[in-house]
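Heads up: the protein sequence lines correspond to chains A and B, in order.
If you're matching positions, the first sequence starts at 7 in the numbering used here and goes up one per residue.
If you're matching positions, the second sequence starts at 8 in the numbering used here and goes up one per residue.
Don't read these hints as lab results, they were simulated from the structure.
Idealized CB from N, CA, C, for every residue including glycine.
Hints are all accurate, no fakes.
Label pairs and their calculated CB-CB ranges: (1) Glu45/B / Glu568/A: 17 to 25 angstroms; (2) Arg465/A / Thr61/B: 24 to 32 angstroms; (3) Thr61/B / Leu118/A: 44 to 52 angstroms; (4) Gln60/B / Glu568/A: 15 to 23 angstroms; (5) Glu471/A / Gln60/B: 29 to 37 angstroms; (6) Arg242/A / Ile63/B: 53 to 61 angstroms.
So the derived list for chain B, only partly shown, Cβ under 8 angstroms to chain A, looks like this: (7) Arg30; (8) Ser76; (9) Thr81; (10) Thr124; (11) Gly126.
Here are the computed lysine to aspartate or glutamate pairs in the EDC-like style, where the Cα-Cα straight-line distance is at most 16 angstroms: (12) Lys496/A / Asp110/B; (13) Lys496/A / Glu109/B; (14) Lys496/A / Glu113/B.
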Amino acid sequence: MIDRASGLGPEVSPEYSELAEQWKAKAAAAPRRRDKGSGAVDRTISDVPLQPLYGPEDVAGLDLTRDLGVPGEFPYTRGIHPTMYRSRLWTMRQFAGFGNAKQTNERYHFLLAQGQMGLSVAFDMPTLMGYDSDSAHARGEVGKCGVAIDSIRDMETLFDGIDLGKITTSMTINGPAAIALAQYIVTAENKGIPRAELGGTLQADILKEYIAQKEWIFPPRPHVRIILDMMEFCTREMPRWNTISVSGYHIREAGSTAAQELAFTLADGFAYVEGAMERGLDIDAFAPRLSFFFNSHSDFFEEIAKFRAARRIYARRMRDQYGARDPRSWQLRFHTQTAGCSATAQQPENNIVRVAFEAMAAVLGGTQSLHTNSMDEVLALPTEKSVEIALRTQQVLAYETNVTNVVDPLGGSYYVEALTAEIERQALDYFDRIAEYGGMVAAVEAGFPQREIADASYRYQRSIETGDRVIVGVNAFEKPDEVQAPDLLKIGVEIERGQARAVADVRATRDNAVTQEALAALKRACAGDANVMPYLIDCVRAVATEGEIVEAMVEVYGRYTEQTQF
Amino acid sequence: MPATQARPLRIIVAKAGLDGHDRGAKVIARALRDAGMEVIYTGLFQAPEQIVQTAIQEDADGIGLSILSGAHMTLFPLVVEQLKAQGAEDIVFFGGGTIPAEDAAELKRLGVREIFTPGAPLSEIIAFVERECGQRRELSG
Numbered sequence: 007m008i009d010r011a012s013g014l015g016p017e018v019s020p021e022y023s024e025l026a027e028q029w030k031a032k033a034a035a036a037p038r039r040r041d042k043g044s045g046a047v048d049r050t051i052s053d054v055p056l057q058p059l060y061g062p063e064d065v066a067g068l069d070l071t072r073d074l075g076v077p078g079e080f081p082y083t084r085g086i087h088p089t090m091y092r093s094r095l096w097t098m099r100q101f102a103g104f105g106n107a108k109q110t111n112e113r114y115h116f117l118l119a120q121g122q123m124g125l126s127v128a129f130d131m132p133t134l135m136g137y138d139s140d141s142a143h144a145r146g147e148v149g150k151c152g153v154a155i156d157s158i159r160d161m162e163t164l165f166d167g168i169d170l171g172k173i174t175t176s177m178t179i180n181g182p183a184a185i186a187l188a189q190y191i192v193t194a195e196n197k198g199i200p201r202a203e204l205g206g207t208l209q210a211d212i213l214k215e216y217i218a219q220k221e222w223i224f225p226p227r228p229h230v231r232i233i234l235d236m237m238e239f240c241t242r243e244m245p246r247w248n249t250i251s252v253s254g255y256h257i258r259e260a261g262s263t264a265a266q267e268l269a270f271t272l273a274d275g276f277a278y279v280e281g282a283m284e285r286g287l288d289i290d291a292f293a294p295r296l297s298f299f300f301n302s303h304s305d306f307f308e309e310i311a312k313f314r315a316a317r318r319i320y321a322r323r324m325r326d327q328y329g330a331r332d333p334r335s336w337q338l339r340f341h342t343q344t345a346g347c348s349a350t351a352q353q354p355e356n357n358i359v360r361v362a363f364e365a366m367a368a369v370l371g372g373t374q375s376l377h378t379n380s381m382d383e384v385l386a387l388p389t390e391k392s393v394e395i396a397l398r399t400q401q402v403l404a405y406e407t408n409v410t411n412v413v414d415p416l417g418g419s420y421y422v423e424a425l426t427a428e429i430e431r432q433a434l435d436y437f438d439r440i441a442e443y444g445g446m447v448a449a450v451e452a453g454f455p456q457r458e459i460a461d462a463s464y465r466y467q468r469s470i471e472t473g474d475r476v477i478v479g480v481n482a483f484e485k486p487d488e489v490q491a492p493d494l495l496k497i498g499v500e501i502e503r504g505q506a507r508a509v510a511d512v513r514a515t516r517d518n519a520v521t522q523e524a525l526a527a528l529k530r531a532c533a534g535d536a537n538v539m540p541y542l543i544d545c546v547r548a549v550a551t552e553g554e555i556v557e558a559m560v561e562v563y564g565r566y567t568e569q570t571q572f
Numbered sequence: 008m009p010a011t012q013a014r015p016l017r018i019i020v021a022k023a024g025l026d027g028h029d030r031g032a033k034v035i036a037r038a039l040r041d042a043g044m045e046v047i048y049t050g051l052f053q054a055p056e057q058i059v060q061t062a063i064q065e066d067a068d069g070i071g072l073s074i075l076s077g078a079h080m081t082l083f084p085l086v087v088e089q090l091k092a093q094g095a096e097d098i099v100f101f102g103g104g105t106i107p108a109e110d111a112a113e114l115k116r117l118g119v120r121e122i123f124t125p126g127a128p129l130s131e132i133i134a135f136v137e138r139e140c141g142q143r144r145e146l147s148g
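With the hints as constraints, model all of the structure from the sequences given.
Here's what the structure looks like:
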């Protein structure tokens, strides 16, 4: 007999049970596909085993009140707001940055004119790694993956003509996050906007850098200390600022499964929560401003299940394990970006379609903001045209498909509920394994998540090699004579030369004695226990470049070197 | 053919510049190892000079360089230059990453043996390395 504890759906009658048994017999005898790609029929893209059909027996353990609740109430499985997109659409926030600050500022004005609702800054590699544009380490990298920001002068240009008191800005910067925040604060101050009025998010999640994205500067422990300094500072002085966006996006891009993305990201988030609590911060003072950032990959239902599981796990841990009392501390808010790693260089127009499905999964999963990738990002920085299509994809989704009219429309689906529970189970299992290492920082130092991801990434690649999985245009439906479209955005060497000249000029024209004094004070703060944020702000005001600030900190903390494994 | 050689092919898989995207490099490293080669992965953030030094010290048959940061037109030519400067042009130098077709053509003109872009099958990369590095062994006796 079927247990109806879940209360999902109508009563299971004996007649239905008999029908279900008949179906099982027929399904067992039914022919199976044997064509290319059919090897993946019995599992999700993350290798979660699948049944051909889900029914009431698969959600028998589910308790309506305990596990689902209603939208806007604990455990938030069905969404963090009572009416979700009926009250407010998600924020359409396209990540952008390339070349120099002036070029990127122009792109921002274009995106805002097209209906984008918030800004999201992509920085170039030297900026992310803490090198100025004229450093030998920056050769060939300036302005390539994002915008080059060396000093407060560049930051001012970047936001020229944009009202920082009104717009919210997300900055994807990790190692030097505290420096970028200081630059943003000083830029606003110079325009007469106090820091208390600034709204936005810093990615600032350093643990996932060691795990996946690999843009670190210092070793893990001092890096975490700086992040906690920042959280403390923002809790006190910047009520509208989301201190940290804990990010699984890059973990997924590095080849993880959905459950690994979920588990490692939440574990990183909990490590920051624990660190802040150890400092004596009240969890309800900082937790409402933590946010998350997830990937939306190509397995439609698995992604939706992942987002729903994320909310449920987070709410329970925050309330039951850490003792948060403010419901806002229980709510997992997240930004989503479609999976860059699912895009193909072959037949790049197909990426428009992939992005649309992935974006819909994010919305059905209840995302708070969304970036849709541009079709050409697998080849180069996106052109204005392809960025516009990506943004229009979100607008079509929001205004034409009607998926926004009903909250959590897949809630109660036997399949989605069973998959949500399974991904939750896998994530909790990872939490146990992380605890065996003594917590996430220790697990990262031991290379545990890194190994798990490398293994998953290789398994996935093998499944494409064997033809178990089909990637359209890559291992099936290829066009051998395909010619790549030539209209790609290129960043020329003149950007690097111009930026290198500009930063040299900044150093030559400032009051150098003031700069050196500020840098010396910063070093003392880093060596001691003082919160580094005020010292970083002083350095930025004294026109110290990012590279100089990082160098001063490296003198105290050292630079991290990875134990390499593959 | 690789099976008859005295020792397996030895390949350096390298990451240069500031690019932290190492998924592809690690997958290739494993695939080459699983195909019976000796693989040395340099780890991240290597200077072109270091990569060539490593290849020479390790008596490598090939170098595979992965770049997804857009710095390929700077870093690939620097490796070619270093190989020439060290008299090690016989080492089979190939690479991959997010590299537009016209850039790939230019890099091949400069002396990079092959450029693989996202979606290239592992089997194709393995076959390329076995063929090219095997030929190099035969030529050098």
